[in-house]
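Using the sequences and the accompanying hints, generate a full structural model.
Each chain is listed here by its residues.
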Amino acid sequence: MTEVLAVEAAGAPAGAPAGRQARPPLVLVAPAAVAAVIALLPLVYVAVRASERGLGTVAEVLLRERTLRLVARSLALAGTVTVACLVLGVALACLVTRTRLPGHRAWGVLLALPLAVPSYVAAFAWLSMFPGFGGFTGSALVLSLCCYPYVYLPAVAALERVDPAMEEVSRSLGRGRVRTFVAITLRHVRPAALAGGLLVALYVLSDFGAVALLRYDVFTRVIYTSYRSSFDRTPAAILSCVLVLLTVLIVWAESRTRGRASYARLGAGAARRHPRARLGWWTAPALAAATVVAGLALGVPFGALAYWLASGSSAGFDLAELGTAAVSTLAVSTLGALVTVVLAIPVGVLAARYRGRLPRVLEQASYAGHALPGIVVALALVFLSVRYAYPLYQRTPVLVLAYAVLFLPAAVGAVRASVAQAPPVLEELARSLGRSPAGALRSVTLPLAGPGIAAGAALTMLTCMKELPATLLLRPTGMETLATELWSQTEVGAYGAAAPYAAALVLLAALPTFLLGRRSRSTRGG
Amino acid sequence: MFRIRRLVPALLVAALAGTLPACAGDGDEVDASKLVIYSGRQENLVGDLIEGFEKDSGIKVSVRYGNTAQLAAQLMEEGERTKADVYLSQDGGALGALAKAKMLTTLPQPVLEKVPAQYRAKDGTWVGTSGRARVIVYDPKQVPEADVPDSVFELTDPKWKGKVGIAPSNASFESFVTAIRVLKGDEVAKKWLKDMKANDVETYDNNIAILNATKKGVLKLGLINHYYWYEQVAEEGKDKVPARLKFLPGGDPGALVNVAGVGILDGSDHADEARKFAEYLLSEKGQKYFADRTKEYPLVAGVPTAKDLPALDTLQNPDIDLSDLDTLEQTLTMIEDAGLT
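Protein chains in written order, with the working numbering: chain A, 1 to 526; chain B, 1001 to 1341.
Note that these hints are calculated values from the structure, not bench results.
Beta carbons: idealized from backbone N, C-alpha and C, even for Gly.
There may be inaccurate statements among the hints.
[To be verified] Quick look at which bits of chain A chain B covers, simulated, 3 or more residues with Cβ under 8 Å:
1. 123-137
2. 206-218
3. 477-490
4. 495-508
[As the list claims (entries may be wrong)] Residues of chain A placed beyond 12 Å of chain B at every Cβ, according to the derived structure:
5. Ala47
6. Val71
7. Val169
8. Leu173
9. Pro275
10. Arg276
11. Leu279
12. Ala288
13. Leu298
14. Leu429
This is the structure we're talking about:
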């Protein structure tokens, strides 16, 4: 309630979303439905394969004691990593956006970079430095270090969109600095942070590479094992249904916690810089914390890369091959990000602006593919495109579509959170001045939500770059990306030869991250 | 209203248009004139061999590299519309699965007969191209050579408690368990798996992880395939790979030889070229490549094995069909029941 007060004080109508009970316009619903259908494609395949041998097989596969035990282990790991990422991501975002941390701009970019390190590379690096490393603790540590940017990036974007006036009003009404921070600032970061947390949870559920190396048995393992050891697609499909069910539960739980509060700011047209808090004697511990995180998340993998480059006899590389792989990676992941964001915009806007069953169902449907292991999504698209889009099979469009299915939630989350922060009242003003709903959206809401959406695009692009299982199955024959080259070298233990590709992947991924940092600075200054 | 309506399709069209140059620029198109190989073996293992084939035969080849099991699943999803002509596999099981799905054609008898019967499919749908032996890898700092067990059955001894590594979900481990079943009976196999579990055997995802753990002293012993060690020695130098290998003597199932093999897709448009490729892999040149480059066992008589490997005929080759999936199914159940996967 206190929050509504603050929003009211800032001039927004109380319960603004409640006033938006109007039927969502077709111009949003139609493309959002297309996006949802695309995201649901793998489920068609999973259902076909899972039902192939009747309910008896389904029951037999699901009711094994091992299945239940592994579900519990997966959930425990996903829960732990998500909480760790929320704490790390939000804390670091506050540190770089709101305090006078020495070198905060450089830290801002540096702390996003771990996203560029594929989790299986990180796991391998840790193992090569600490041979006995692994188990629950090891897996939780490595995955947290790889995944916290999912929370950190949207949290940074959200922190920059919070209207300083709201914080000032809260202070003027007698709240202290800390209470204002908790009651106003953190609450406004919550939707973005939780959307990121959701991505983390689903990523951990679907990850296989890192946990397999770190020897923590989780649910995805059974799925991969059933392909690998019995070459049978039915049990894998049945087990995938469990993941889909878990995803539905987690997405539903997240949407419950999101609540009905309004997070809009006013006056975005005259954005002001947030005052940065002095850290005083906290400077040293804050610097130390940022250094430890960056050191563990980036230092360990880079240390291992340097070691492999220096000691592996396969070290040294074909510059032309590296260049070709880099160009292919850039091309397919840019396309992947573009298509994903275009699909995500209507879904995200609907979710942020309209209540009711339809927007909710469309949004939740977009998460369908994200918790499925990449191999299942890839086989689903093999199945569907061979049957219904044969000319496109093993061509770039189907690969790009796979990226959209896998990573739509990252983009939807970013769009939704940033649109939610743009005040509906400005849209209404534009409407009253004669704009159509779509016109108001295009000329008011989307520009306001721009930085957040761009963050979503960058996030999607980074994730596409390191995606492996779907890329392996769907890329045009003969095309190699940095991730597939990296995989094919590490698979035979040629770590020296793998290192340049890993390094190139991180450097390439640093590019969108860096541009993102610059972009949000210039918006703030405006 | 109209603007955004136009904007979205326009962006989509732009995105799709953008894919066209990407299609043309990256990799070679699957054009009908090329022999398409799906390779479950890595480029740095077979890439040069395939290049050699292109040069020697004048046949143009397009290769799709991937993981053996995942490519097999992909081929099964593609069914008869597959563009693949040839499938190279790291193990017999994947080839057997494709044969069972009626996706492989029967190879000509002269090709099959180059290789001893136990290294090819009984129904002639695939043929082994190279052999890989099961070995015990050990850490000589903890276990002197003389103390390394002579049989896998000694690994259940309490003195190895918690210090032995296996990769129970690996195809090569599964064939090895099948070998125990064939040679010693199901009860012995079941008991061995249970005893290993009771002896706190450490399970890993793959052979490389076991080798690394042994190299770093986390494990004393591990069950792996021999060539992983040779690959790592080639990469890092023998002095940096302190682990050593023991080839088990005397007909122990722990000395089973698995195969990597090749099959030709039924209905391939390039059946002739595909057959020539299979013949090339089994030619003296191809077999010598496997012996020298990947340190695997050549399977064609008369091609010498790498110097430091024990002769193939001293190892155990029980009469099991390496692609028999019905047997594999029972083995998988046994491994799972023992709590190892």
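Here is what the structure says about each hint:
1. Counting residues of the segment 123-137 of chain A whose CB falls under 8 Å from any CB of chain B gives 4; the rule of at least 3 is met.
2. With 3 residues bearing a CB less than 8 Å from a CB of chain B, the segment 206-218 of chain A meets the requirement of three and the coverage assertion stands.
3. Restraint check on the segment 477-490 of chain A versus chain B: 7 residues with Cβ-Cβ distances below 8 Å, three needed, restraint holds.
4. Against chain B, the segment 495-508 of chain A contributes 3 residues with a C-beta closer than 8 Å to a partner C-beta. That satisfies the three-residue criterion, and the hint holds.
5. The claim that Ala47 (chain A) lies off the interface holds: its Cβ sits roughly 15 Å from the closest Cβ of chain B, which is beyond the 12 Å cut-off.
6. With a least beta-carbon separation of about 16 Å from chain B, Val71 (chain A) lies farther than 12 Å from that chain, consistent with its non-interface assignment.
7. Distance to chain B confirms Val169 (chain A) as a non-interface residue, since its nearest Cβ pair spans about 34 Å, more than 12 Å.
8. No Cβ of chain B comes within 12 Å of the Cβ of Leu173 (chain A); the nearest lies about 40 Å off, and the non-interface call holds.
9. Against the 12 Å criterion, Pro275 (chain A) stays outside the reach of chain B, whose nearest CB is about 37 Å from its own CB.
10. For Arg276 (chain A), the requirement that its beta carbon stay farther than 12 Å from each beta carbon of chain B is met, with the minimum near 37 Å.
11. Residue-level check passed: Leu279 (chain A) sits 41 Å from the nearest beta carbon of chain B, beyond 12 Å.
12. With a closest Cβ-Cβ approach of about 30 Å to chain B, Ala288 (chain A) is found to remain outside the 12 Å limit, as its non-interface label requires.
13. The claim that Leu298 (chain A) is not at the interface with chain B holds, since no C-beta of that chain comes within 12 Å of its own (minimum 23 Å).
14. With a least CB separation of 18 Å from chain B, Leu429 (chain A) remains clear of the 12 Å interface cut-off, as annotated.
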